[in-house]
Amino acid sequence: MFHTTIIKPRFSETDKLGHISNTVFPVWMAESRSDFCRSALEIIQPWVVANISIDFKKEVLHGDDVIVNTYVERTGSKSITFYQEMFQYEKLCVVGRTTVVCIDKATKQSCSLNSNDKEKLQPYLVILESDGNNTSLQYKQPNSFDEQKKTTGLM
Numbered sequence: 001m002f003h004t005t006i007i008k009p010r011f012s013e014t015d016k017l018g019h020i021s022n023t024v025f026p027v028w029m030a031e032s033r034s035d036f037c038r039s040a041l042e043i044i045q046p047w048v049v050a051n052i053s054i055d056f057k058k059e060v061l062h063g064d065d066v067i068v069n070t071y072v073e074r075t076g077s078k079s080i081t082f083y084q085e086m087f088q089y090e091k092l093c094v095v096g097r098t099t100v101v102c103i104d105k106a107t108k109q110s111c112s113l114n115s116n117d118k119e120k121l122q123p124y125l126v127i128l129e130s131d132g133n134n135t136s137l138q139y140k141q142p143n144s145f146d147e148q149k150k151t152t153g154l155m
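Under the working numbering, the first residue of the sequence shown is numbered 1, with each subsequent residue one higher.
Each hint should be verified, as a subset may be incorrect.
As the list claims (entries may be wrong) - Think about it this way: if two alpha-carbon atoms lie no more than 27 Å apart in a straight line, the pair counts; the simulated DSS-like pairs of lysine-lysine are:
id	residue 1	residue 2
1	Lys8	Lys91
2	Lys16	Lys57
3	Lys120	Lys108
4	Lys78	Lys58
5	Lys16	Lys78
6	Lys16	Lys91
7	Lys118	Lys105
8	Lys57	Lys8
9	Lys58	Lys8
10	Lys118	Lys108
11	Lys78	Lys108
12	Lys57	Lys91
13	Lys58	Lys108
14	Lys118	Lys58
15	Lys91	Lys105
16	Lys16	Lys58
Honestly, the hints are just simulated from the structure, not real lab data.
Full structure from sequences and hints, please.
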């Protein structure tokens, strides 16, 4: 399962050639993650970004919607790694990963993910397989958190 957010590129997000600037994609990724966590999962826990990576596959242009699909690649004891794909004209244009860390508002220190939030994330968990050129997704529904730890390399 994945969550979809529709982005409407703005003219102000383009460069001189009409391409969407590469500085915009982390913003779209954050918007999509926030939409996913708030609306689909009703998770309001504060997070900070610990790592972000973006692979540009094709140009993205102003004028037509961009579809952002958000998946959960991994849940750790204090973090979540999201995998996101951006499509325009039904073509995969951008792939991104973001690892966020749970933060306690009062102490401003990292904190553990609560079991309720982990349970809400479970249906969105995917296993990514890549042959160097293409990435395929497999949905993994671990029977237990220990099985998930084995699957994601946490054990």
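Agreement of Lys58 and Lys8 with the hint, judged by alpha carbon distance not exceeding 27 Å: holds (17 Å)
Hint consistency between Lys120 and Lys108 [alpha-carbon to alpha-carbon, up to 27 Å]: holds (24 Å)
Straight-line alpha-carbon gap Lys78 to Lys58, limit 27 Å: violated (33 Å)
Satisfaction of hint between Lys91 and Lys16, Cα-Cα up to 27 Å: Status holds; Cα separation ~23 Å.
Restraint check for Lys118 with Lys58, where alpha carbons must lie at most 27 Å apart: violated (33 Å)
Lys16 paired with Lys78 [C-alpha distance capped at 27 Å]: violated (41 Å)
Given hint Lys108 paired with Lys58 - CA-CA distance at most 27 Å: violated (38 Å)
27 Å Cα cutoff - pair Lys16, Lys57: holds (20 Å)
Given pair status - Lys108, Lys78, alpha carbons within 27 Å: Distance of about 13 Å is within 27 Å: holds.
Given hint Lys91 paired with Lys8 - CA-CA distance at most 27 Å: holds (16 Å)
Proposed proximity, Lys108 with Lys118 (alpha carbon, max 27 Å): holds (21 Å)
Lys57 paired with Lys8 [C-alpha distance capped at 27 Å]: At roughly 19 Å apart (the allowed maximum being 27 Å), Lys8 and Lys57 satisfy the hint.
When each numbered hint is compared with the structure, violations occur for hints 4, 5, 13, 14 and 15.
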